[in-house]
Each structure stands twice: as structure tokens, then as C-alpha cells.
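Below, each chain spelled out in residue letters.
2 protein chains.
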Amino acid sequence: METSEEQKYGVRRLEMSDKGKGFIELLQQLSVCDSVSDKEFEDRFRELSSLGDDHVICVIEDHVSKKIIATGSVFIEKKFLRNCGKVGHIEDVVVDSSTRGKQLGKKIINFLTDHARTMGCYKVILDCSIENKLFYEKCGFKQKEIQMVRYFV
Amino acid sequence: METSEEQKYGVRRLEMSDKGKGFIELLQQLSVCDSVSDKEFEDRFRELSSLGDDHVICVIEDHVSKKIIATGSVFIEKKFLRNCGKVGHIEDVVVDSSTRGKQLGKKIINFLTDHARTMGCYKVILDCSIENKLFYEKCGFKQKEIQMVRYFV
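Heads up: the sequence lines are chains A and B, in that order. Take 2 as the starting number for the first sequence in my numbering and just add one per residue. Take 2 as the starting number for the second sequence in my numbering and just add one per residue.
Hints listed in this document are in silico derivations from the structure and should not be mistaken for laboratory results. Bear in mind the structure is a predicted one, so any value in this text is a computation, not a measurement. Hints may be right or wrong, so weigh each one.
Heads up, the list lumps identical chains together, so a pair's fine if it works in one copy or across two of them.
Heads up, simulated BS3-like pairs for lysine-lysine below, C-alpha to C-alpha not over 27 Å straight-line [stated by the list, open to error]:
1. Lys-139 with Lys-9
2. Lys-134 with Lys-103
3. Lys-80 with Lys-20
4. Lys-22 with Lys-87
5. Lys-9 with Lys-108
6. Lys-20 with Lys-143
7. Lys-20 with Lys-139
8. Lys-139 with Lys-107
9. Lys-107 with Lys-9
10. Lys-80 with Lys-143
11. Lys-134 with Lys-108
12. Lys-68 with Lys-143
13. Lys-79 with Lys-107
Model the full structure from these sequences, guided by the hints.
Okay, here's the thing in C-alpha cells:
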């Protein structure tokens with residue numbers, strides 16, 4: 002019996018051992034990430050884990066190659082606004098360039114969006130390039146504002 | 002001797018007693034925030050305070066009227082990306098409609114930006130309307146991406 006797509010590409014939370022499965026190399030497809038030691042990875046992993054459900058990083062592992070091929074994160078911001086409301090912020094979504102077209106990005110976004118809803122958020126937001134707008138619209142998002150940035154380094 | 006503008010409009014961190022100084026009413030000028038009880042305010046205040054320097058809300062108090070007339074917040078997101086980098090997210094910036102034109106918004110943004118820099122962030126980001134783009138450009142920001150949103154309620 003063949004492995005179903007669902008079994009093959011299930012979404013789960015990041016684990017400490019994922020550094021050895023190409024998690025950092027995957028992030029490099031998104032932005033600079035060239036020198037994370039095992040110690041630094043473990044420290045940051047523990048720091049984020051201590052936030053529990055308020056900061057979740059999810060991954061998809063290819064169980065044939067044993068590589069992490071998609072990831073994304075969401076953290077829960079607690080506000081006074083909106084009657085002490087909460088907002089989910091989706092960040093760092095990336096799908097391995099060799100495995101696109103399998104709806105893995107959509108699986109990641111659905112997982113993170115479901116998490117934000119479960120946590121009681123009144124909305125979930127993210128920033129993306131104009132090129133990715135259509136993808137996020139297919140995931141149920143709408144364009145609202147513009148993102149401004151100030152770099153320090 | 003007259004009170005200087007700097008003394009009159011200094012930026013400080015939010016205090017528990019600021020609910021009685023119109024802090025919630027100020028937020029109402031930005032978005033819905035119509036029913037926050039003292040208990041809810043205190044619980045959320047303690048929850049955010051427990052995050053220490055990773056979540057800071059600042060305010061400007063008018064020492065004549067004893068009212069909060071400007072506020073903004075920043076939280077520090079910890080990533081694996083950018084070699085375990087940090088990003089400051091500025092949220093919920095509002096200046097009382099009757100006291101605009103005194104550069105209070107700029108004071109708030111400078112305070113929050115300085116905090117993010119001090120915390121070791123490689124960048125600070127925020128989402129705003131097209132109408133506010135010029136204001137943030139004057140604060141040293143540049144437009145980068147677009148914001149996408151999905152509402153649950």
C-alpha cells in the first residue's frame with residue numbers, strides 16, 4: 002500500500018532534532034541564516050518552547066528524504082485593544098524550492114491559522130510581497146495595510 | 002518658570018493606574034475597545050509585564066489634565082532566521098485627536114524604535130495605512146511589503 006499524501010506530508014511542531022534534518026538550510030531559502038551553532042539552536046528552541054502555545058513553529062518533513070521541506074511560525078500578541086483581544090502573527094513561511102506545487106504552503110498556513118483561531122485571536126495577520134498576494138488570497142486572506150520597516154544593521 | 006515641552010510630554014512605560022487616566026478611551030480612537038473591566042485590565046497588565054522588556058507599552062501623560070494622550074507598543078519576536086535574530090513589532094500607536102501636531106507620535110515611535118535597537122533587533126516593523134506612510138517615512142521607515150489579514154470574528 003502506498004503512503005497517502007496526508008501521511009507523507011503531515012504538519013507537526015518543530016522538534017529539537019529538526020536542525021539535523023535541514024531546518025536551517027530551508028530558512029536560508031527565505032533570508033540570511035548562515036551561522037547557527039547547535040548550542041544557539043538549542044538555546045533559541047528552549048526559549049521559544051517556554052512560550053508554549055503563544056509561539057508555535059510548524060514543519061512538514063518528507064519521510065522519504067528525512068528532510069524538513071516546509072515551515073512557518075505564528076506568535077500570539079496580547080493587546081488591550083479589542084477588549085483585551087489577541088492577534089496571531091504569521092512569520093517565516095517557506096516551502097523548499099524543489100517541492101513546490103504540492104500545496105504544502107497552504108497546509109502550513111492552515112495549520113498556523115487554525116492555531117491562532119483556537120487560541121482565541123480575533124484575526125491573524127502577515128506581511129508578504131506583492132508576488133505572494135494571490136497565494137494568501139487563496140488561503141482566505143485579504144490585503145489591508147502596508148508594511149513599513151526600519152533596519153538597524 | 003514654565004514647564005518645558007520635554008517635561009510636559011515625556012514618554013514613560015504604561016502603569017497600572019493609567020486605566021484611570023483615560024488609557025482605554027485613547028485606544029478607542031484607534032479601534033474597538035469598549036468593555037475592559039478593572040479586573041481584565043489588571044490581568045492583562047500583569048500578563049504583559051511578565052514578558053519584561055520583550056513587550057513594552059509606552060505612554061505620554063499630559064501633566065496638566067492628568068490624561069494619557071499618546072501610546073504605542075513594541076514586542077520583540079525571537080527567530081531562528083537571521084542567525085537567531087530578533088525583530089521589533091510596533092503596534093497600536095495612537096495620539097489623542099485633540100493634541101496632534103506636537104510631535105507626540107514621533108516621540109512614541111522614537112521611544113519604541115530605541116527600545117527595539119537596545120534589545121538587539123536587526124529591524125523594527127509596523128503596519129499602517131497609506132495615509133500614515135509619510136509620517137513613518139519621517140520617522141526613518143521605508144515601505145517594504147503588504148499586510149494581509151484574515152478575520153475570525
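State whether the alpha carbon distance between Lys-9 and Lys-108 is at most 27 Å within one copy, between copies, both, or neither. Cα proximity of Lys-9 and Lys-108: one copy only (13 Å, versus 52 Å across).
Is it within, between, both, or neither for Lys-107 and Lys-9, if the alpha carbons may be no more than 27 Å apart? within (15 Å within a copy, 51 Å between copies)
Go through the copies and call it for Lys-79 and Lys-107: within, between, both or neither, with a Cα cutoff of 27 Å. Result: close both inside a copy and across copies, 26 Å intra and 24 Å inter.
How would you label the pair Lys-134, Lys-103 (within, between, both, or neither) given a Cα cut-off of 27 Å? within (18 Å within a copy, 37 Å between copies)
Within a copy, between copies, both or neither: which one fits Lys-139 and Lys-107 at a CA-CA cutoff of 27 Å? Classified as within: same-chain Cα gap 9 Å, cross-chain 37 Å, threshold 27 Å.
Between copies, within a copy, both or neither: which fits Lys-20 and Lys-143 at Cα up to 27 Å? neither (33 Å within a copy, 34 Å between copies)
What label fits Lys-134 with Lys-108 when the C-alpha limit is 27 Å: within, between, both, or neither? within (17 Å within a copy, 33 Å between copies)
Can you give me the call for Lys-22 and Lys-87, within, between, both or neither, at a CA distance of at most 27 Å? between (33 Å within a copy, 23 Å between copies)
Indicate which option fits the pair Lys-20, Lys-139 if close means a Cα-Cα distance not exceeding 27 Å: within, between, both or neither. Classified as neither; 31 Å inside a copy, 41 Å across copies.
With identical chains treated as interchangeable, where does the CA-CA distance between Lys-139 and Lys-9 reach 27 Å or less: within a copy, between copies, both, or neither? Classified as within; 23 Å inside a copy, 50 Å across copies.
Have a look at Lys-80 and Lys-20 and pick one of within, between, both or neither, based on CA distance no larger than 27 Å. Between copies only: 14 Å across, 33 Å inside.
Treating 27 Å as the Cα threshold, decide for Lys-80 and Lys-143: within, between, both or neither. Both, since 22 Å and 25 Å are each at most 27 Å.
Against the hints set out earlier in the document, violations occur for numbers 6, 7, 12.
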